[in-house]
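Q: So you can see what is in the structure, the chains are spelled out below.
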Amino acid sequence: MDINLFLLQLVTGLALGSVFVLLALGLSLIFGMLTVVNFAHGAYFMVGASIGAYLYGLTGQFWLSVVIVPIAVGVMGLLTERFLVRPLYGRGIDYPLLLTFGLSYVLVECVRIVFGIDGLQMGTPASLRGAVNIGVGQFPLYRLFLIVATALIVVALWLVIEKTRFGLIIRAGARDPEIVRILGVDISKVWLIVFAIGTGIAGLSGILAAPIRAVNPEMGIPVLAESFVVTVIGGMGSLVGAVVAGLLVGVVYSLTSLYAPDYAEMSIFALMALVLLVRPQGLFGRAGLMS
Amino acid sequence: MKPFIALVTRHRVLAVIAFLLVFPLIMPYSALAVNVLIFGLFAVGLNVLFGYTGLLSFGHAAFLGVGGYLTGISMLSFGLPWWLALPIGVIASALVGLVMGWLAIRTRGIYFSMVTLALAQCVYFIFYKAERWTGGENGLRGIKVEPVQMGGLTFDLLNPLTKYYFILAFVALALWFVSRLLASPFGAVMETIRENEKRAAACGFDVARSKLLAFVLSAAICGLAGGLRALHLSIVPIDSLHYLTSGQAIMMCLLGGMGTFFGPFVGAAAFLLIEEGATNFTSHWQLVTGVVFIVFVLFFPKGIWGSLLERMKRS
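Chains as they are written, first to last, in my numbering: chain A, 1 to 291; chain B, 1 to 315.
For the record, the hints were derived by calculation from the structure and aren't laboratory data. Ideal Cβ positions, reconstructed from N, Cα and C, are used throughout, including at glycine. Mixed in with the good hints, there may be bad ones.
[Claimed, not checked] Computed, partial: chain B to chain A, Cβ under 10 Å:
1. Phe4
2. Ile110
3. Tyr111
4. Leu117
5. Gly247
6. Val297
Please model the complete structure; the sequences and the hints are all you need to start from.
A: Here it is in structure tokens:
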């Protein structure tokens with residue numbers, strides 16, 4: 001087998017994994033803080049992609065769409081937390097999960113009503129078209145952009161969580177919300193913002209993935225299962241885990257589709273089963289947020 | 001009201017069967033009644049795990065699907081009669097349940113839901129890819145159900161009402177089994193695990209093994225529902241393996257009242273009637289189902305039957 005082909009497929013896997021990283025980051029951030037698994041995460045991804053494709057089609061401005069989409073989806077997350085998830089705190093861990101699952105139905109139908117059932121097309125923005133030589137062969141520029149953009153988002157998130165006062169509150173709140181509240185921090189406001197950031201990132205990953213995936217109301221459905229696989233492998237609540245597992249899953253998927261295309265979809269589940277056998281808490285599980 | 005409740009609770013299997021016997025008469029058409037029966041049984045299976053053991057599985061579509069596919073494949077590819085194919089489907093579901101449960105019970109809480117969902121998607125892809133046996137994307141088609149001869153009587157399953165009572169016989173059997181299970185010491189262990197897992201372990205119960213057994217039994221019941229569905233529809237759609245189908249069973253459980261004996265049927269009837277009613281007005285019926293479900297999670301977490309029971313007990 002050609003080594004260059006292998007390496008090229010490896011980089012393709014990293015690009016694919018970048019989307020997984022972003023998805024798992026949002027999921028993990030919300031879980032780490034609120035111990036809520038957002039079953040509507042795939043739906044927010046789809047909403048982000050749909051709004052993004054629509055905006056891009058309307059204005060032709062890719063960068064503007066990339067800014068607007070996470071804000072729009074983040075605001076939806078804000079409303080979700082405030083009016084739907086918040087009444088359920090303290091009522092058992094399953095209820096927010098059930099609620100967000102119901103919400104995903106509603107979001108999918110709303111997108112069908114607003115944007116139609118056939119979905120939208122989103123082309124690659126002009127400035128990111130074409131391919132570049134990365135040493136082992138020609139690689140699509142947009143996929144390279146995905147990797148770089150994800151790296152930037154991860155670094156930005158890390159800086160916020162590790163270096164700012166707000167990040168300090170997030171880290172403390174993930175460990176012991178009671179104490180944080182006693183110290184005079186309005187923790188419910190923090191939860192609200194974290195939920196919005198998490199869903200905003202889901203929306204952002206949606207628009208970033210839109211040019212390489214088919215944008216339709218159902219696109220979030222498999223994505224939810226994939227992002228669960230990534231978070232289970234990486235360890236819930238661990239941001240490092242989300243990054244490592246996201247890239248790992250992307251690479252495994254992409255290499256399996258090179259050597260055994262029939263087993264590509266199953267490979268990531270097999271990987272998850274393996275991790276469950278060896279380390280049920282995930283590769284980076286049980287460690288605190290961002291540690 | 002109280003003596004009535006007491007009577008119904010004491011003879012819960014008979015009460016449910018009595019209701020189901022007259023149920024087709026109050027439904028708009030028999031095919032819908034058959035659907036309620038099958039999805040009700042599916043939800044009953046899930047309820048054993050979700051309602052009584054407190055484990056929220058998002059992977060039970062795998063058992064409905066495997067039960068259906070294996071029943072269908074046994075008949076189509078191996079020419080087995082239905083009465084042999086159906087148990088094969090149930091056993092296959094139980095075996096898949098054993099593997100999935102064995103992996104999933106290593107995790108708890110929210111993790112458990114995510115892992116069962118992911119494992120079920122894995123089963124989905126396996127059946128999707130095994131096109132030679134399963135028909136892949138198109139589903140398994142052409143399952144022929146000949147008229148059934150039993151004790152000198154002939155049941156023509158093409159007649160919807162006959163089919164309903166034919167399927168009801170199996171549902172009744174399953175309900176009797178579930179009722180015995182819940183009344184058994186093991187049933188008490190299941191509920192103890194739901195209420196307080198640590199205390200159950202401290203009392204000396206093998207929590208992991210009990211969870212696994214509950215998982216497998218629950219899978220077998222869902223497998224029966226799947227096998228019956230294959231006989232009912234003559235096809236097994238690939239969608240029956242998808243996690244959205246698991247979600248439907250969960251919605252039915254919650255709508256009806258999880259952890260109640262009759263709840264799953266009430267939930268299945270409510271869900272399918274909402275779907276039926278909403279499709280008459282709009283193609284976006286999932287919007288209606290989603291909103292109704294959210295309202296129930298927020299305001300009526302005990303479900304229709306659960307809330308009714310509570311109210312009647314109080315009055």
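Q: Hint compliance check: list the failing hint numbers for this structure, sorted ascending.
A: Of the numbered hints, just 1 does not hold.
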